[in-house]
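> Kindly produce the complete structure, drawing on both the sequences and the hints.
Residue numbers (the working numbering), protein chains in the order written: chain W, 1 to 185; chain S, 1001 to 1283.
A hint or two may mislead.
[Unchecked claim] Below are the DSS-like pairs computed for lysine-lysine, each with C-alpha atoms no more than 27 Å apart in a straight line:
| # | chain 1 | residue 1 | chain 2 | residue 2 |
| --- | --- | --- | --- | --- |
| 1 | S | Lys-1151 | W | Lys-21 |
| 2 | S | Lys-1267 | S | Lys-1280 |
| 3 | W | Lys-34 | S | Lys-1156 |
| 4 | S | Lys-1093 | W | Lys-178 |
| 5 | S | Lys-1093 | W | Lys-124 |
| 6 | W | Lys-157 | S | Lys-1241 |
| 7 | W | Lys-153 | S | Lys-1209 |
| 8 | S | Lys-1151 | W | Lys-181 |
| 9 | S | Lys-1156 | W | Lys-25 |
| 10 | S | Lys-1128 | S | Lys-1241 |
| 11 | S | Lys-1086 | W | Lys-121 |
| 12 | W | Lys-21 | S | Lys-1086 |
| 13 | S | Lys-1241 | S | Lys-1264 |
Hints were generated in silico from the structure; no laboratory data involved.
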Amino acid sequence: MDSSNPVGKSNNSLIYEIYEKSGEKVQNCYQCQKCAAGCPVSFAMDLLPNQMFRHIQYGHRDKVLSSKTIWLCASCYACSTRCPNNIDIAKVMDTLRGISHRSGMATGEKDISLFHRFFLKLIKYTGRTWEPGFGIYKMKTGGLSGMMGWALKLFLKGKIAVLPTFKGGEDLKVIFEKSEKGGAQ
Amino acid sequence: MKEFSYFPGCSLEGTSKEFDESVRGVSDLLDIRLDELDDWSCCGATSAHCIDENLAVELPARNLAIAERTDRDLLVPCASCYSRFKAAEYEIKENGKKTSFPYKGNVRIRFALDYFSDQSVIEEVKKKLVKPLSGLKAVCYYGCLPVRPPKLTRIKNYENPTHMDHLVEELGAEVIPWSYKTDCCGASLMVTRIDIFKKLVGRILSKAKETGADCVVVGCSMCQMNLDTRQEDVEQELGEKLNLPILYYTELMGLAMGHRDVGKWFKRHFVDPLPLLNAKGLM
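What follows is the structure in structure tokens.
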């Protein structure tokens, strides 16, 4: 264990894993609830951000990693900005999503985790985000018909990009292969 | 002549085309040369940072490494791209993260809104003002990433930013203060959880309407898409007609400086700004 690890010889593997991947110290949370008060999506969460942090401190790994909360976080950074203990809470949410995704526990909001996987596949093969590709995502998750009118209007307004003519495919292959092999994970 | 490397990003090739066109148009009028970054790739926002901390740094780093081949600053209009570039810069410079395409950290990454609202640029704009936006009442909506996290953006007044307000005021418009400048528009929840999305945007737009503003001015492509292109759905949710044009600050700069293509930019909006601008005698 890294001697600079402030968690010490804790057997709480989740809190340590978060620290190792993000450098963030969840143990510093003292439940002031500023994060929950300022969170725009708290009304839809199954665990408020501060409740999630308490569960992390207790080592409730499954509860945290299978929660809806980590996927509903919109990365607005209001919590990170206001935390009196300087915990970058939104960054912790990123880390938790990554752990949850890799350990097959992303069950809280399946469509959202699928969206992110789909998005990255799109970048891997086209180099740039080609927005019409999201139609395939909506076909998989339902709701495509509700978006067709919108998409047609985008097309008529000249807001649908032509397929990207990206030439750096080999570069992205290097990046994605490294990441798939484990990279910094 | 000021020169920048320019990173448009994916949205500006598609759903935010008028942002790209107006940034280029305004730069042209201000004698700023934009040199598009050679073979740029997606910055990864938002999915890379959401599930893969490695890709979250690797994808922006490739672009930063390309930008580092020259000594020009990198101008980035899209708030998501800007945020990911700054986050990658932080991981590489502060945390010593190594990337496949090495980036030394020598590029000055400039967010377009910050650059164009700098007083020195405003002075140049004022010299070229041909059509002050008098009579136009606006609220400025910053959203999240143009100001947060301040650790990366270095914005001082991150809870109540005023730099876009100041710019739009200098263009001659009346800018109304309000409390929802930095609330979140829901970002990609627009695709994945439209129920949550409509609540967030519904509140922002109805509060904007309440101020008596004619339009909302934005500096983020994701915010513009969410507030403009889904406004009809949000109106249904609210049971209230909003009809609020959502304009990029660069479009208003172009309008005030008399750019010939403004009509083309405005045609791309879902909520048509022309009736408003015609009524105010600005078109």
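> Going through the earlier hints one by one, which of them does the structure break, listed in rising order?
Result: hints 8, 10 break, sorted rising.
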